[in-house]
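Enquirer: Here are the chains, one letter per residue:
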Amino acid sequence: MAKSKILMTGNEAIALGAIDAGCRFYAGYPITPQNELTAFMAKNMPKAGGVFIQAESELAAVNMVLGASAAGARAMTSSSSPGISLKQEGISYIAGCRLPAVIVNVMRGGPGLGNIMPAQSDYFQATRSGGHGDYHCLVLAPYSVQEAYDFMFKAFALADKYRNPVMILGDGMLGQMMEPLQLSDNRKTGNQKPKTKIWMLTGCRGRKPNVVKSFYLQEGDLEKFNLTLQKEYRLIRQNEQLYEGIFLKDAKIIIVAYGTMARIAKGAVKKLRKAGKKIGLIRPISLWPFPGNIFRRLAASPKRLSFLVVEMSYGQMIEDVLLSLNGKSPVEFLGRSGGGIPSEEEIINKIKILMK
Amino acid sequence: MKKIFSYPKSLKNVPTHYCPGCGHGIAHRLVAEIVDELGIREKVIAVAPVGCAVVAYDYWDFDCCEAAHGRAAAVATGIKRARPGNIVFTYQGDGDLAAIGTNETIHAANRGENISIVFINNAVYGMTGGQLAPTTLLGQKTATTPEGRKAGSEGFPLKISEMLARLPAVKYIERVSLHSPQEVIKAKKAIKQAFLNQVNNLGFSLVEVLSACPTYWDMPAKNALDWIRDVMSKEFPLGRIK
Ligand SMILES: Cc1ncc(C[n+]2csc(CCOP(=O)(O)OP(=O)(O)O)c2C)c(N)n1
Ligand code: SF4
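Taken in order, these protein sequences are the chains called A and B. 134 is the number that the working numbering gives to position 134 of the first sequence; each next residue is one higher, with no gaps. Converting from the second sequence to the working numbering requires adding 356 to each position, the first position being numbered 1.
Worth double-checking, as some hints may not be accurate.
Here are the computed distance ranges between Cβ atoms for each label pair [stated by the list, open to error]: (1) B:P593 with A:S57: 28 to 34 Å; (2) B:K506 with A:S57: 28 to 34 Å; (3) A:R207 with B:F361: 54 to 60 Å; (4) B:P440 with A:K270: 51 to 57 Å; (5) A:L113 with B:A499: 31 to 37 Å.
Each computed DSBU-like pair below joins lysine-lysine, with the alpha-carbon atoms no more than 30 Å apart [unchecked claim]: (6) B:K399 with A:K208; (7) A:K161 with A:K249; (8) A:K161 with B:K399; (9) B:K578 with B:K497; (10) B:K399 with B:K365; (11) B:K358 with A:K208; (12) B:K497 with A:K224.
Chain B regions said to be covered by chain A (calculated; three or more residues, Cβ under 8 Å) [claimed, not checked]: (13) 392-399; (14) 423-434.
None of these hints come from the bench; they were simulated from the model. Here the structure is a predicted model, which means the values were calculated and not measured. Built from N, CA and C at the ideal position, the CB exists for glycine as well.
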């Protein structure tokens, strides 16, 4: 018998996914368009035996997560663009302290207070160490309610594996839309005891005291630490590149889009294929590490290929596409942000112009 | 023969980086003695500030967590809520707790977090070179108030302890000083009470400690202690506030 599905918004799916993945500590501060996430946590986290705190600010929320994570809890926070800017201090410290944590950004329009329409204009902030210092978050971009749920399992697993912050980068559209959702077979229900790994702060019973810190005062120590991080990042780049590719075999033009934008692009690709046009799609799923390998592989093939990057921004991910292709293939761009979203039709028209 | 005094187990036997006459070293030792006396060394998790005491974890011999400048009360909230069975305290300067971290401090107190706070008031920013702190006295010269603090432009010394005392969820607040042996004994008693309150699940406790910074008060250590007694404690009266 097919398992039954439930209908949920992306925001709720992220919250439920987190709880099912064993997250038992959430701190957040209200901001549209992610309020359903916080509200779902307020209602359901205590039922799962976890902690919910509405913090006094995003700064406080992310630092509560830092403390909870240092103490061994699976911990997360969520916000939208202006709030994520405030969290950058804490994210930098979480990376510097080598703590696992998950941060969700349901992006809205900027700069400044911007508006509450969906956007993808925080790509740079998410993938380029949005706070100070030489660090990275792993960044995953779901494009459906199902992925919003599923990726929370992946996010916490990656955070633990690399002791590094993981960001889920969605947008207001994904957060607000409703879709049927299939729950995992591995749901963690009920109380989850905090873990006890050797580095955690549990009280120093039977061992030497632990210190969780990012401060390296002695000459050479910080450089050594940064090199350790870089080693870890190389591993992540090798092992964690994720993307979805469709019609790549015979494509002449490949559209590159992630998250909500990829849904729209997928629709355009299907229509163009029906009309006999050889169009493909690469949907980066991990934004950091950027799935550069597939671009390098395609660019190395003898046939002439070009790329069209489509974003709900004025061109951010395109920089990673350009870096990956390293001048070997032409790259075009289509993007809007601040309320406008490139439509299927705009994509199709752009492709038609490019095919002339 | 009975041993009546020894080096605290919770204090590493290493020299500190503090200036001669600085109060931080005394306050660290008091905390260490209290942790030993209450037998909670294996349960304690400290949150260190950003300020001169940033490397307090190099001196205390129990689990410690760093916090960004001002965020200690939020970090402590996260630790305590995740591990309610542990004893969690923050140790913060006046810039850390009462300027950049005011929000985190007030809201942790207002939620009645079951944590203890040791608040070192030395009326300046030590670590960054003796600038104006929220607690700097009127007329006091600092690196950023070269003519002395003026109420008209810098406002008045901020009495965060008195402000916090008005919050219903706050259990205990006391202001103590380290300017004489008698006062140090009282300070220890107060800090011990703040820890005991947490052990007994009574809620938010804070002890404000008037502490000398001879370096940026530009005084010999002895004069700095006298200045606390004669001047600073007039602005910041000692005793139980709540
Ligand atoms: C976000 C941020 N802003 C500024 C600083 C610089 N800074 C370090 S310590 C400090 C003030 C410390 O003063 P206080 O909290 O009174 O502690 P003290 O050094 O006097 O013990 C400042 C401003 C910082 N580290 N981080
Ligand atoms: S600068 Fe002041 S607070 Fe800092 S160590 Fe020296 S005396 Fe102590």
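Enquirer: Run every hint past the structure and note whether it holds.
Expert: So, going through the hints one by one against the coordinates:
no., hint, result
1, B:P593 with A:S57: 28 to 34 Å, "32 Å, holds"
2, B:K506 with A:S57: 28 to 34 Å, "30 Å, holds"
3, A:R207 with B:F361: 54 to 60 Å, "28 Å, violated"
4, B:P440 with A:K270: 51 to 57 Å, "53 Å, holds"
5, A:L113 with B:A499: 31 to 37 Å, "35 Å, holds"
6, B:K399 with A:K208, "13 Å, holds"
7, A:K161 with A:K249, "34 Å, violated"
8, A:K161 with B:K399, "27 Å, holds"
9, B:K578 with B:K497, "19 Å, holds"
10, B:K399 with B:K365, "14 Å, holds"
11, B:K358 with A:K208, "29 Å, holds"
12, B:K497 with A:K224, "41 Å, violated"
13, 392-399, "holds (count 3)"
14, 423-434, "holds (count 8)"
Going down the numbered hints, you'll see the structure goes against 3, 7 and 12, while the others check out.
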